[in-house]
Amino acid sequence: EVQLVESGGGLVQPGGSLRLSCATSGFTFSDFWMTWVRQVPGKGLEWLANINGDGSVNYYMDSVKGRFTISRDNAKNSVYLQMNSLRVEDTAVYYCMRNVDYWGQGTLLTVSS
Amino acid sequence: QTVVTQEPSLTVSPGGTVTLTCASSAGAVTSDYHPSWFQQKPGQGPTSLIHYTSNKYSWTPARFSGSLLGGKAALTLSGVQPEDEAEYYCLLDDGGPWVFGGGTKLTVL
Numbered sequence: 001e002v003q004l005v006e007s008g009g010g011l012v013q014p015g016g017s018l019r020l021s022c023a024t025s026g027f028t029f030s031d032f033w034m035t036w037v038r039q040v041p042g043k044g045l046e047w048l049a050n051i052n053g054d055g056s057v058n059y060y061m062d063s064v065k066g067r068f069t070i071s072r073d074n075a076k077n078s079v080y081l082q083m084n085s086l087r088v089e090d091t092a093v094y095y096c097m098r099n100v101d102y103w104g105q106g107t108l109l110t111v112s113s
Numbered sequence: 001q002t003v004v005t006q007e008p009s010l011t012v013s014p015g016g017t018v019t020l021t022c023a024s025s026a027g028a029v030t031s032d033y034h035p036s037w038f039q040q041k042p043g044q045g046p047t048s049l050i051h052y053t054s055n056k057y058s059w060t061p062a063r064f065s066g067s068l069l070g071g072k073a074a075l076t077l078s079g080v081q082p083e084d085e086a087e088y089y090c091l092l093d094d095g096g097p098w099v100f101g102g103g104t105k106l107t108v109l
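So the sequence lines, in the order shown, correspond to chains A and B.
So in our numbering, spot 16 of the first sequence is number 16, and the numbers just go up one at a time.
So in our numbering, spot 19 of the second sequence is number 19, and the numbers just go up one at a time.
Bound conformation, chain B alone:
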C-alpha cells in the first residue's frame, strides 16, 4: 500500500506563514488523490479542514488553504494564530483504500 509522508514537525512564529506538505510513494500527488487535511489538538478528536485538494468547510478559518505544490498536496496557514498549534494529517485516496500521512506537529512559537 502507498506510503504517505509529511514533515514530522514544523515551527512557525505567530502571524507567520507555514506550508505543510503531503507526498505519496506512488508518485506525484494530483487532484485524483482527493487530498484532505485534518487538525487534531491534544486530547481532542480530529476535525476536518480541507477536502478535495482546496475546498474548505464552513467552519474552516480563512487562513487555511489547500493546494498542489511541486507534486505534493499542501496546506498553507497564513497569519498563524497560537490556537493553530496542533497535529495536522493529510489523507489521500489510493484508488480504493485511503491512506493517512504520519502527521505534522505544528508548533507556534
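Next comes chain A alone, as it looks inside the complex:
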C-alpha cells in the first residue's frame, strides 16, 4: 500500500525557517518524481516544487524560488521541503504528492508572530 506521511509543520515566526518531511512507503521511491503542494485554508491548491527520482532535477513556483528548497533522500524514502524567510502568507496545509497520483494527509504550517 502506497503511503505518504508529512511531518514538521507547526508555528513559526515571520522570517523563520522550517523543514517539512514526507516519509513514504509501499513503492520504489527512487522511481518517482515527488511534489510539494500547499493550500491556504479556504483557498485553492498551489503547486510549489517537484524533484526527479535521483534528485538531479527540480522545479519551483516563481514565488518560492530562492526561499524554498526541495530535496530527497532515497535511502530514507523521504522528500523534504526546506523553507526559509517565511512569511505570514506561507501559512497553509502542505501536502506531498507522488508524481500526480498519491497524496499525503498534509501538515499545517502557521507563520505568525
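Since the hints were derived computationally from the structure, they do not count as laboratory data.
Backbone N, C-alpha and C define an ideal beta-carbon position, used for all residues, glycine too.
Be aware that a few hints might be false.
[To be verified] If we take Cβ atoms under 8 Å as the criterion, some of the chain A residues that face chain B in the derived model are:
#1 Phe32
#2 Gly44
#3 Glu46
#4 Trp47
#5 Ser56
#6 Tyr59
#7 Tyr60
#8 Met61
#9 Asp62
#10 Val64
#11 Val100
#12 Asp101
#13 Trp103
#14 Gln105
#15 Gly106
[Said to hold, decoys possible] Some chain B residues close to chain A (C-beta under 8 Å, calculated; not the full set):
#16 Ser36
#17 Gln39
#18 Pro46
#19 His51
#20 Pro61
#21 Ala62
#22 Phe64
#23 Leu68
#24 Phe100
For chain A, the structure is supplied; the task is to place chain B on it using the hints.
Leaving out everything else, chain B in the frame of chain A:
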C-alpha cells in the same frame, strides 16, 4: 508563469452530465501539458482522478472521464451522484513547473 483558468462554480442535477474545463493563458492545452484532475471534498485532502489527459486510476469511478475539448482540458461527469459535490482542480505541466487551476466548485442540486 502560466495562469490556469477553471469555471469558478457549476451546478448540475443528480443523474445529469457536466463538463468542467481547464484553460491555459499560454494557449491551447494539448496532451503535452499532461493534464491531471483532482477532487477535494470539504474537510478532506485532495484525491487524484485523472492523469495524462484521460487516464483513470483504479479508484476513479467510471462516470468520470478526461479529454481535450476546444483547446482546453476537460473533465466530464456522466450520471452525476450527490457524492460528487466537491471542488475540482486541474493541474498542467508548464514545461518544468506545474500549475493548478483555481478550482471549480461543483454543486449537485
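Here's how the hints hold up against the structure:
no.: 1; hint: Phe32; in the structure: 13 Å, violated
no.: 2; hint: Gly44; in the structure: 5 Å, holds
no.: 3; hint: Glu46; in the structure: 6 Å, holds
no.: 4; hint: Trp47; in the structure: 5 Å, holds
no.: 5; hint: Ser56; in the structure: 14 Å, violated
no.: 6; hint: Tyr59; in the structure: 4 Å, holds
no.: 7; hint: Tyr60; in the structure: 7 Å, holds
no.: 8; hint: Met61; in the structure: 6 Å, holds
no.: 9; hint: Asp62; in the structure: 5 Å, holds
no.: 10; hint: Val64; in the structure: 10 Å, violated
no.: 11; hint: Val100; in the structure: 4 Å, holds
no.: 12; hint: Asp101; in the structure: 5 Å, holds
no.: 13; hint: Trp103; in the structure: 6 Å, holds
no.: 14; hint: Gln105; in the structure: 6 Å, holds
no.: 15; hint: Gly106; in the structure: 6 Å, holds
no.: 16; hint: Ser36; in the structure: 4 Å, holds
no.: 17; hint: Gln39; in the structure: 11 Å, violated
no.: 18; hint: Pro46; in the structure: 6 Å, holds
no.: 19; hint: His51; in the structure: 5 Å, holds
no.: 20; hint: Pro61; in the structure: 16 Å, violated
no.: 21; hint: Ala62; in the structure: 18 Å, violated
no.: 22; hint: Phe64; in the structure: 15 Å, violated
no.: 23; hint: Leu68; in the structure: 17 Å, violated
no.: 24; hint: Phe100; in the structure: 5 Å, holds
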